Amino acid sequence: MTRIRAGLLCMLAIASGSACSSMGVEPWERDVLAREQMQLVTDPLEAGIDDHIYFSKEASSGGRGFGGGGCGCN
Amino acid sequence: MASPCQVLSRADRSIAQKQLELAAAEAWRIEAKYSRYLRGNIVDRINSALGNAVSLDEETANLVDFTATLYELSAGRFDITSGVLREVWTFDGSDRIPAEKRVAAVLDRVGWHKALWQRPLLSLAPGMQVDFGGVGKEYAADRAAALAASQSDAPCLVNFGGDIVAAAATVDEASWRVGIESLSAGAGEACKRIDLQRGGLATSGDARRFLLRNGVRYGHLLNPLTGWPVVNAPRSVTVAADTCTQAGMLSTLAMLMGADAEKFLESQSVRNWCIR
Amino acid sequence: MAVTDGSPGRRAPANGASAQIASQLAVATCSLLGIAASSLVLAEEQPEWEFDTALLYYGEDGERVQDLSLNILARRLFADDRILSIGLAVDSLTGASPNGAVPQDEPQTFTRPSGDSVYAVAAGEFPLDDTFLDTRYALTASWQQPLGRDFAGTAGVSFSTEYDYTHAGANFALSRDFNKRNTTVSLGLAIARDELDTVGGAPVPLSPMAGVGDLSGRAGSESKDVLDVLLGVTQVISEKFVVQLNYSLSDSSGYLNDPYKILSVVDPLSGGPVDRLLLPGAEGPLHEYRFESRPDKRTKHSLFGQGKYFVEGKVLDVSYRYMTDDWGIDSHTLESKLNWPLSDSTFIEPHIRFYTQSEADFYRVSLLDGEPVPQFASADYRLGNFDSLTAGLKYGWRTGGGNDFAMRLEYYRQDGEVPEDQLIGNQDQSSLYPDLDAIIFNFSFGFDF
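Chains as they are written, first to last, in the numbering used here: chain B, 3 to 76; chain W, 738 to 1013; chain Y, 453 to 901.
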């Protein structure tokens, strides 16, 4: 549990740090970020398919979003 | 022009820099030449000629020819002498509507047919003023885009405060994504998105300048024939055409048609988006 | 105050409002700008509907699982950034899965889950249960919209059904932008209720595998509830670099066993099978096996980080996930993709994924004859100690009409080993673990209108 706590604190630090800092770009500098390949999930269908495969074959799921689930995969 | 202007280019950095410089120089040149706020430029000379004829340079003569044609095509609704109506109308969001008498008095000094235009000589009746604001920005956008496009085959886009030209694109190139500002969600939010690959895009609207009285909203576009704001015009009209000048004129004409804006644009077979 | 448009008495020029104002305007503009006329105007409103479809083939080697599925995702964009998404998936599953028993030097026989018949496995073979020919249908729907200036919300439902399992769930998410949209914080919640209607009835945990026709050790249908919470931060670092960090919590309770998985009961000295009493004329297992038993609660914590970096037209995506749960499983996932455009309309994307997990506390490769039966035990290879590797390549192209195609081929391999302290005699750590080799082939097609 302490490892999780450390990870959470680290995340909060980054979140609050970044909210206060001026890290980032101006709205007119977002041309690259607006590209399809720069989205965090480029292909939601492919991500869903892969999540489902790994959910059926491994003990971990999700992380990126709500990991699939909901199947009686044996 | 009092609007943020930008040049987007897919060319290399050094070429893009040159494109930006050419576009900006052209924008400033046109603004200096046709701004009604500057002393000594051609507009100032025409407006202070006190009935005498002024000889116009080629570019200005072309613009006057163009706006004269527009006056005919629009049956008088597009009129570069209508600027004096500004003296009685201030669109500041308040409810101060001028009295009919005052409007009628100013209206006497409005009317392109009262001007004498025989290229290259233009003379106005006393009290009349010309204003190229209705066509200046779109014209500048087209000129700037042509200069930028002359530097490279890569697609580029010029955006002068909402008057947009996308140049040098082939069908396969990725589009520029343009957002039409939403009227309700506040500045910066788009309510419609248009993929523009080539052509001009212009928007006429009353989002920022208007009067509000007794629940009736008066847009800032004045009908030169009546002296009053156009009734029942859409809140915003966006048109896509070959050039920004055409797009701008069509969107302005549509707004001037009031309730018939959509029908007018339908009949012209142009891509358009009206928000009521 | 009356406002009218167009008043009599004012002299207006001849009516020019004919239908061809646009063309006359075009002529006038051309002479103004000194250019030739062109009618090429390419301006289209963003399409309303976007469709993504994918055909997937997943095939494990040997006689193991093969899956063919068709997936469709339809998105309808409304004004003001509101989006409706609907997803449909149909999976057709065939092939056999390891049932949890260990391979032995003699043939083994097992009763099918239905209790109607038996199936046999040759000596030295990994016992696989090939009962599962199943088709699964899944439906998801979600609605996304801005809430005020800075917030956005999503609400969705999910549903799936196969012959022995149904799932129903709902999910919600709220996100807020800060810092000129450079920072986004999201909070998500998902709940689900799954029902298992196991063939023959869910077995009583740790009950012995019975003979044909004997369903005494079976209960009825079971259910499980899942709650997922996700907290995430997305941050734009620079014009070319964006990162995301997520923490998620998943809480399951209810029937968490795999009703078809068993454990072998083996001799503590030799590791060999323990004979089971089989009356003449009766059909059933030749040896002793027990159904698995897992706790009825599981809490998982995950920490996930992802970064996307744009460099010279290519996009590098690297992500890492750490998962730990109260079953004693820890896992690490490291994944990377490189999106590499070959031209304006084609790209390739190599992909690599490393995964490792430690076994669950109650993972047992087999039960020992004579020892007291533990409270929880499972030999399911998916709860064991293994590493896996995925390596693949995707090739995509966009046609002139704006349609997207892609093909993806991947190789997935799992390599596991049994904990040393569970080995008996000369048993080998990895030969007791059913390794997995699979090919994934995916063909996708996307279009909008």
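Since the hints were derived computationally from the structure, they do not count as laboratory data. None of these values were measured; they are calculated from a predicted model. Warning: the hint list may mix true and false statements.
Here are some of the chain W residues that sit facing chain Y, going by a computed Cβ distance under 8 Å [stated by the list, open to error]:
1. Val-791
2. Asp-879
3. Leu-933
By construction, the Cβ of each residue, glycine as well, lies at the ideal position given by its N, Cα and C atoms.
To see whether the hints hold, each was checked on the structure:
This hint is violated: Val-791(W) has a C-beta 20 Å from the nearest C-beta of chain Y, more than the 8 Å allowed. The criterion of a C-beta within 8 Å of any C-beta in chain Y is met by Asp-879(W), whose closest approach is roughly 6 Å, and the hint holds. Annotation: Leu-933(W) was flagged as interfacial toward chain Y, and the flag holds, the nearest CB pair being 5 Å apart, inside 8 Å.
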